[in-house]
Amino acid sequence: MRRLAALLLTAAVLLSLSGCSNPADRAARMEDLALLRVLAVDGGDEGVKVTAATGETSQQPALVLQAEGKTVIAACLAIRGDGTAYPSYTHLDQLLIGEELALGGLGELLESVERDRELRLSSRLWLVRGTAGDTLSEETAGRVVERLSMLEEMAGVGSNDMDRTIGAAIVSLQRSGATFLPALTLSEEGNLLAAGYGVLKGDRLVCYLEGDCSKGVDLMLGITTDDVVELTLPGGQAAAVRLNGVRSGISGEFRDGVLTGIRISSKLTGTAAQLPTDWVWTDESVGLLEEVTADWAEDCIRQSLAMMQSVNADPLELCRRIGGRAPGHWESLQEQWETVFPDLEVLAEAEVKMTR
Amino acid sequence: MGRDLISVKQLMTLLFLAMLSPGVQLTPGWAAERAGAVGWLAGVGAIPLLLLLGWLVSALTRDLPEGRGLADALCAALGPWVGRGVVLLYLIWELVLLAVGIRQYGQKVTMDYDDERLWFCLVVLCVMAVWIASGKLSAFARAGEIFYLAIAALLIVILAAGVLQIDWLNLVPVEREDWMGLPAAVGEAAGVLSAAVYGGFLLEKTRREPDAAAQRRRWTVKFCLVLAVIQLVILGGMGTHLAARAEMPLFALARDMSIGSAVQRLEGVVVSLWILSDLTLVALRIWVGAALIRWLFGIRGRWLPPVLGAAALLLGELWFSDPWVLRDFSAAVLPAGNAVMAFVFPAAALAVLRLRRRKTGGISCASNKGETEDVVMKKTDEKKEKKDAEKC
Chain A
324 MRRLAALLLT
334 AAVLLSLSGC
344 SNPADRAARM
354 EDLALLRVLA
364 VDGGDEGVKV
374 TAATGETSQQ
384 PALVLQAEGK
394 TVIAACLAIR
404 GDGTAYPSYT
414 HLDQLLIGEE
424 LALGGLGELL
434 ESVERDRELR
444 LSSRLWLVRG
454 TAGDTLSEET
464 AGRVVERLSM
474 LEEMAGVGSN
484 DMDRTIGAAI
494 VSLQRSGATF
504 LPALTLSEEG
514 NLLAAGYGVL
524 KGDRLVCYLE
534 GDCSKGVDLM
544 LGITTDDVVE
554 LTLPGGQAAA
564 VRLNGVRSGI
574 SGEFRDGVLT
584 GIRISSKLTG
594 TAAQLPTDWV
604 WTDESVGLLE
614 EVTADWAEDC
624 IRQSLAMMQS
634 VNADPLELCR
644 RIGGRAPGHW
654 ESLQEQWETV
664 FPDLEVLAEA
674 EVKMTR
Chain B
37 MGRDLISVKQ
47 LMTLLFLAML
57 SPGVQLTPGW
67 AAERAGAVGW
77 LAGVGAIPLL
87 LLLGWLVSAL
97 TRDLPEGRGL
107 ADALCAALGP
117 WVGRGVVLLY
127 LIWELVLLAV
137 GIRQYGQKVT
147 MDYDDERLWF
157 CLVVLCVMAV
167 WIASGKLSAF
177 ARAGEIFYLA
187 IAALLIVILA
197 AGVLQIDWLN
207 LVPVEREDWM
217 GLPAAVGEAA
227 GVLSAAVYGG
237 FLLEKTRREP
247 DAAAQRRRWT
257 VKFCLVLAVI
267 QLVILGGMGT
277 HLAARAEMPL
287 FALARDMSIG
297 SAVQRLEGVV
307 VSLWILSDLT
317 LVALRIWVGA
327 ALIRWLFGIR
337 GRWLPPVLGA
347 AALLLGELWF
357 SDPWVLRDFS
367 AAVLPAGNAV
377 MAFVFPAAAL
387 AVLRLRRRKT
397 GGISCASNKG
407 ETEDVVMKKT
417 DEKKEKKDAE
427 KC
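First to last, the sequence lines map onto chains A and B. Each number in my numbering corresponds to the 1-based position in the first sequence with 323 added. Each number in my numbering corresponds to the 1-based position in the second sequence with 36 added.
The following block holds chain A by itself, in its conformation from the complex:
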């Protein structure tokens, strides 16, 4: 009798969870859902303009939806009033921010994402140099979705910049009052190209780190893998080195409790990718190659820090990293950081180990 009762109870529970009876089940069917993969947010006339796109499948092209609203959430909800499919944000993994919106401040956007139950803090955040919505046209949306997935998977590999999650950006802003976001630009052919990093201070965009400055960020954070660097040897000859990996330590130089300098010690490993035709592999020539590579790395780091010092922003949380190594100075470091950071001496030391 108990087994029969148990069986009936289980059947009742399972049947009511199957969706056969509708009162408790209002979820859309799978085929009616539009699983949005990318959301682009720009400043709009009403406040915010969002453009969202699904991925492209063999059966149908990417679906692109647009809406405006006073807030991001209002605009995202307004998108649901457009089209025949029900947009779902649960699979959203890329968020593109337009430059104009970033200049105005991202506090409200990040707050909304943090509180939303559909959006994930692990979604990647990208800064678009221009209008983010322009990247998601009917013709380019499918390609852009794939491109962003590739940039996420291959972040830090080769010439690709580091990716950044929404959660990491929020935490970094809360801790150090600044953060950095990987920047993208749309080419004329409609391709998304890496364009360094945008630095946010408070929640506003203040500058970009491009070229060697962005390399400096990668070197300091130790995320460079399989990147090819072009060098000019002392004789004017060109060479290329493939960097296999880098590890960096960040520490502070203190004098009487006052921070006077930042020391960045980097260890790089690399292989020669292209050498002059008359190159002879000797200890002396390898030493020269290592020295030139080290000079390049140090220069990148110095340029990157100089840019951050010029806007007095600490997107890499250098204060925290230095404090982690010198906990005894942590309190005084927090008090003096904003005052001393712009004038700190940067001591960049790179050590390169080259293999054939």
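Do not rely on the hints blindly, as some may be mistaken.
[To be verified] Now the in silico label distances, taken between C-beta atoms and shown as ranges:
(1) Ala-220(B) / Gly-428(A): 33 to 43 Å
(2) Asp-203(B) / Pro-599(A): 53 to 63 Å
(3) Ile-128(B) / Gly-428(A): 50 to 60 Å
(4) Glu-512(A) / Asp-203(B): 29 to 39 Å
(5) Pro-384(A) / Ala-186(B): 39 to 49 Å
(6) Arg-648(A) / Ser-174(B): 50 to 60 Å
(7) Asp-439(A) / Glu-213(B): 21 to 31 Å
(8) Pro-557(A) / Val-208(B): 38 to 48 Å
[As the list claims (entries may be wrong)] These stretches of chain B come out as covered by chain A in the derived footprint (C-beta under 8 Å, 3 or more residues):
(9) 114 to 123
(10) 199 to 210
By construction, these hints were calculated from the structure, which means they are not laboratory data. Note that the structure is predicted; figures quoted are calculated from it, not measured. All residues carry an ideal CB built from backbone N, CA and C; glycine is no exception.
With chain A fixed as given, assemble chain B onto it according to the hints.
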């Protein structure tokens, strides 16, 4: 004649499962708020307090024969009237905890579902818990061992994935305010977890084993260390700011976890399996509530668990339907109430018991004539032998 007894290991397994739900739902956010980057040490800091709780219950019940639990010990210490009054307070608090536990479960499952499904989920949980609590405790304990295996496997996956996501910048350097907030975080954690004192009312159904105290200590330390690692993963993965603001940090973290790119948004799996912990908690509370009613009023009947379940649903709807009220109650009142039940009453009872034992042999609650415990036990044993002889 077989009695429905469980082993100490089974008792501790049930308590481990039951405490996991409130422990993980409530303490990480509070610990992050109070103690920042060192909030994960709250679980470790709670170990001595929970060991003290175990010692108090053990000291109170040590000299009782098998088949007697914390209720009898309180009575023996405080006398029949005061003892019953204290046990009545335990019963009332148990009902409140039951209502809160059901509502907290509702909060968890509606995290990703509409609030319209809330009542459906609550009723299903209650029905399952009542069904379990209406049966034998030994069957419940065996089911608990299986639930434990499922939760343990889940924890291994989550913690392994979580440890890989730890950003050390979330944990160091540590602010001075964080260290100063740690005692409050430890107090709150101990306050939430000290609801385990209700396990003392299950001792009447637990076999007396020679290494019972050592087993209880091991399980207590194990639980606190697991909680500490969970908090470490949360703080290291999310950071203090996000962990303090998230409603249920572990499930928010699980939302962002993935196994390669094959499985994403693990929070559905996590919540589904974590329901086993809520089910154990609610079923255990219904079971203990029914046992306390039987002990206090002599009322028996299979209708007790369903009535308790229905009463808890009603109380939850009347008092805790507003999530802000539930949150404030859980933060302000629940730890303090648990602490009184876990430490104040048992400590007072133990002090009185030791004083009484110096003078008399302790008073039995089973006797209306103020007879001592050993006299009553002797009479009870004689009655039992007579019954067994008649049957043979």
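Checked hints:
no., hint, result
1, Ala-220(B) / Gly-428(A): 33 to 43 Å, "holds, 35 Å"
2, Asp-203(B) / Pro-599(A): 53 to 63 Å, "violated, 43 Å"
3, Ile-128(B) / Gly-428(A): 50 to 60 Å, "holds, 52 Å"
4, Glu-512(A) / Asp-203(B): 29 to 39 Å, "holds, 37 Å"
5, Pro-384(A) / Ala-186(B): 39 to 49 Å, "holds, 43 Å"
6, Arg-648(A) / Ser-174(B): 50 to 60 Å, "holds, 56 Å"
7, Asp-439(A) / Glu-213(B): 21 to 31 Å, "holds, 30 Å"
8, Pro-557(A) / Val-208(B): 38 to 48 Å, "holds, 43 Å"
9, 114 to 123, "violated (count 0)"
10, 199 to 210, "holds (count 7)"
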